[in-house]
Amino acid sequence: MMEVVIAVVGEAEGGRVSGGSREAVAFVRRLSTPARVIGVLLSDSRDSAAFWAQADGIEVMPGLAPGLKTYEQRSFLSALIQVLDRVRPSLVVVPHTARGSDFAPRLAARLRLPFTPSVCGLDEGETSPLLIRQVMGGKVIERIELPEAAVLTVAPGAFTAEVGSAPGMVREVEVNPDPPAARVMGRSEPPTADAGLARAEVIVAVGRGAGETGIPLGRELAACFRRGALGSSRPLVDAGLLPYELQVGQTGATVAPRVYIACGISGALQHTAGMSGANFIVAVNTDANAPIFRLAHLGAVMDLRELLPELIERLRSMRGSEQ
Amino acid sequence: MVCVRAVPDLESFPAAEAERFPAIEGLRYRLNDYDLFALEEAARLREGIGARVTVVTAGPARVEEQLRKAVALAGDDGFRIDLPESDDPDPFRTAAALADFARPRGFNLILCGAMSQDRMRQAVGPMLAELLGWPSAAPVIRLEIVGGEALVDWELEAGARERLALPLPGLIAVQSGINVPRYASLSNVLRVKKMKLPVLPVAAPEAPTRTEAAWRAPDRGRCEFVHGSAEAVAAIIAERIRKSAPVL
Numbered sequence: 001m002m003e004v005v006i007a008v009v010g011e012a013e014g015g016r017v018s019g020g021s022r023e024a025v026a027f028v029r030r031l032s033t034p035a036r037v038i039g040v041l042l043s044d045s046r047d048s049a050a051f052w053a054q055a056d057g058i059e060v061m062p063g064l065a066p067g068l069k070t071y072e073q074r075s076f077l078s079a080l081i082q083v084l085d086r087v088r089p090s091l092v093v094v095p096h097t098a099r100g101s102d103f104a105p106r107l108a109a110r111l112r113l114p115f116t117p118s119v120c121g122l123d124e125g126e127t128s129p130l131l132i133r134q135v136m137g138g139k140v141i142e143r144i145e146l147p148e149a150a151v152l153t154v155a156p157g158a159f160t161a162e163v164g165s166a167p168g169m170v171r172e173v174e175v176n177p178d179p180p181a182a183r184v185m186g187r188s189e190p191p192t193a194d195a196g197l198a199r200a201e202v203i204v205a206v207g208r209g210a211g212e213t214g215i216p217l218g219r220e221l222a223a224c225f226r227r228g229a230l231g232s233s234r235p236l237v238d239a240g241l242l243p244y245e246l247q248v249g250q251t252g253a254t255v256a257p258r259v260y261i262a263c264g265i266s267g268a269l270q271h272t273a274g275m276s277g278a279n280f281i282v283a284v285n286t287d288a289n290a291p292i293f294r295l296a297h298l299g300a301v302m303d304l305r306e307l308l309p310e311l312i313e314r315l316r317s318m319r320g321s322e323q
Numbered sequence: 324m325v326c327v328r329a330v331p332d333l334e335s336f337p338a339a340e341a342e343r344f345p346a347i348e349g350l351r352y353r354l355n356d357y358d359l360f361a362l363e364e365a366a367r368l369r370e371g372i373g374a375r376v377t378v379v380t381a382g383p384a385r386v387e388e389q390l391r392k393a394v395a396l397a398g399d400d401g402f403r404i405d406l407p408e409s410d411d412p413d414p415f416r417t418a419a420a421l422a423d424f425a426r427p428r429g430f431n432l433i434l435c436g437a438m439s440q441d442r443m444r445q446a447v448g449p450m451l452a453e454l455l456g457w458p459s460a461a462p463v464i465r466l467e468i469v470g471g472e473a474l475v476d477w478e479l480e481a482g483a484r485e486r487l488a489l490p491l492p493g494l495i496a497v498q499s500g501i502n503v504p505r506y507a508s509l510s511n512v513l514r515v516k517k518m519k520l521p522v523l524p525v526a527a528p529e530a531p532t533r534t535e536a537a538w539r540a541p542d543r544g545r546c547e548f549v550h551g552s553a554e555a556v557a558a559i560i561a562e563r564i565r566k567s568a569p570v571l
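So the sequences go chain by chain: A and B. Letter by letter, the first sequence follows residues 1 to 323 of the numbering used here. Letter by letter, the second sequence follows residues 324 to 571 of the numbering used here.
Extracted from the complex, chain B is given alone in its bound form (with noise of 0.2 angstroms):
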């Protein structure tokens, strides 16, 4: 099982309307970058040793498009499990309704992105992993399947790793940099064109676990911008870097 998440195109996200998120028109989601090195490691355990995979999302009805690029890169099959937007912000309310799902399926191995680009959590793989009582490890940078054992790097401090034997079955959240993602194919794209994705039902909320939170856009700080053009900026900034140190 691979867990999706679409999130708001970053680069195109005005902060200046923070407040608004995520009523802002004309908001682009995409899917979450990490999310991309899981299908890749899913999509190579498909081609490897014969996975089968299943790619499910939590949320409303805007992210089918996510989801079905999503099974197009790696799944066999794609779920969507009806998540209101106003439950959104609440990394266990995502991982119950991941939990309920996946529990009766039989999986072997669950990943996920080690973090959602908008929210920055690092929650919902951890705490779904707790959930269903399955060991995790986050970030992953190194997975292997040996033996009905998952053989893991995860990142420490400072570039230092730690290799890991995890039983399964077990969650594993993919760190960015572990493979290079794929492009789907045209084959793939058209296989999931036409394929019908469930929509599951999501149960009551089970515990007050949600917090009030409230965007806003950052303040200026102590940035002085020069403005011109390259050459007029390029004089300026020379300028500056040789009297704050001599070094050139």
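Same shape as in the complex, but just chain A (with noise of 0.2 angstroms):
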């Protein structure tokens, strides 16, 4: 039988190599076929190949060149192709990063192969591993077929990291990225995220089912705590009526307080991946499907203007009675 190889594409940070990318090797070990892995990185340094080699204890094929330094879609693809070319992979797997997101999908049309993003998860098939992702806003569980050549993207947080057990080894592959199409003219780093909201213990989010009404409430009901804050998910800030810095998820902060309320917040991964950390979490939204339910502590599906004015009043009088 032909020994399977599965390239995993990771991402060099300043020497290292990214979680993600140690995440997708974790992926790829669960799948519990006997396959040798292969981590192919592209960058313009050594440094992160016999880092990532060591950590995950796997073989290394970086591509260096010095056109590789900064990602654009054109060079990086192109020199991808070159490595992938030498490892002759049946899989391809792609943390699924901004970066990830841009190329996977190209390399897999290029190449004619299925593409699964976002495996958040794998359970056992009858034939073979089945690849669970979220569809449809989170509401919904897909399972698909690994099928024996694809290229996937694996969802941050999704596999856990483990230290390798074998001794790594690094091998170079000379590659010639073609010229850039696009050029990168700079990058601009986000504003801070609210002073408040990094260091609440009790953080109210209001999403799209609060709407431009909910607003007021979920700041009143925030107010109630002692070191309470106004959170969001991404609709609101879209549409202008709160600011970024507010904003709780993939594109914005991370935060882990005591207690988190999420009002009128679907619970998709976008938001989710911001907040799973929280001690506490409380859900209200008046869709019972709503997946941040799967998440919460305790739920009500119920109309967060009902609620949170009960709510408020509540906490008030408690507040006042312990003083």
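Read the hints as simulated data drawn from the structure, not as lab findings. Please read all numbers here as calculations on a predicted model, not as lab measurements. Every clue listed holds true.
Anything over 10 angstroms on all C-beta distances counts as not near chain B; from chain A, calculated:
{"no.": "1", "residue": "Arg36"}
{"no.": "2", "residue": "Asp85"}
{"no.": "3", "residue": "Val87"}
{"no.": "4", "residue": "Thr160"}
{"no.": "5", "residue": "Ser165"}
{"no.": "6", "residue": "Arg199"}
Derived contacts from chain A toward chain B, CB cut-off under 8 angstroms, selection only:
{"no.": "7", "residue": "Pro117"}
{"no.": "8", "residue": "Arg187"}
{"no.": "9", "residue": "Pro190"}
{"no.": "10", "residue": "Glu201"}
{"no.": "11", "residue": "Val237"}
{"no.": "12", "residue": "Glu306"}
The beta carbon of each residue, even a glycine, is placed where N, CA and C say it ideally should be.
Reassemble the complex: the two chains are provided individually, in unrelated frames, and hints are given to aid placement.
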């Protein structure tokens, strides 16, 4: 039988390799197919490759070229194809990051391979493992039979990196990337998260279901707590109703307060990525099927406009009696 | 060219019946939210630089209603590629059908939404660009056309952004929040109501890129639900919050 080769395309990060790259290796190990795992790393320095090979105990094939210092789609893809031509993998596994989502579907199309993005779990199937991913805004779970050959991306935080048991190994590959198509003009960092949000013990977060009228109620509820703060999911920020500094989630702040009260937030992966570390999660939503209830400890299926005024009154009277 | 997609209405989607999708009775469809942002960008280019806008969708006959709505928002014309329901789950097949449509027509720019809200793959746009040999950027939160190039900001991790000058022709997948989508004016709705939206046949599949997928409702998880009047529920929640942390 031919040996199964699985390539994991890592991301170099200041002489190391990203956590997502190592999680992708952890995913491959959970597939329980005997396979040769090869880490592919495209960058301008050797350090990350050595770090990765040792950390995960895998063979790493770095493609090194000065043009690969910053990611540019065309250069990166051409170099990646050159390395994959040598590796000849059946599966190509990519961390689901901004960059991964940029090149992975293109790679699948170029290689004419099936593409399954943002895999967040594994189930056992009758003949092959089943890849689990969220669809319909997290309301539904999709299970996909793992094809013999495919390009996959792995959701951040879904698998836990483990220390490798085998000695790692680095084999450099020469690459000649195509010239870039796009000009990279610079990078801007987001405004820092609201200071109140970062040190809050209780965060009251409002979402699409709260709408414009729910925001004052959320703010009032947050004010009931000693160190309470208002947070938001993306839709209200996109609509210009709240500033970006209050946004919690994949494209906003990551928080871990003692109590998180999600009001009118459906709880798609993009939001929960930023708050799943909260100690105690309360969810209020009119949709009993909202995925936020899978994460919440305590849930109420009701309109927050009815519940929040009662809750505010209750907390105020409790506070009054404690003082 | 703007690519749009009809998706099942997320709010009313019965998760418990997910296994029967798409054969769920009475399922309502609407335009994918992200596509509304792409259409708004197109409408602005139409007004700003006099761009001619063609709206395209690939899907069965049921999607015509949403196509018509999209054309009313931003399009000069609209086409439906007759992709059967059974091929809908394959992003490569959709991208290949759209590429066949785009190739002979000389578009300068293709806009689409950053992802579909039902399948959530973020795949068709980049695949379409790949098949055309064009550069692509996704998800894009700012777009400006300057001197034959697209100046875009695309989103990286945790809110960071990178600015790119993308040569045209190119494909841009638009992120939510890039603009505030308009409603279609009555005159535009009437304009499109009588318009003939051609239906084009789809070529045979090129490669076995389809995966076998099944949908199911997620597990209930650990949530303890509180029932009763708002007052009773508020009392329980307040008590539990106080127990879990001295935060008042």
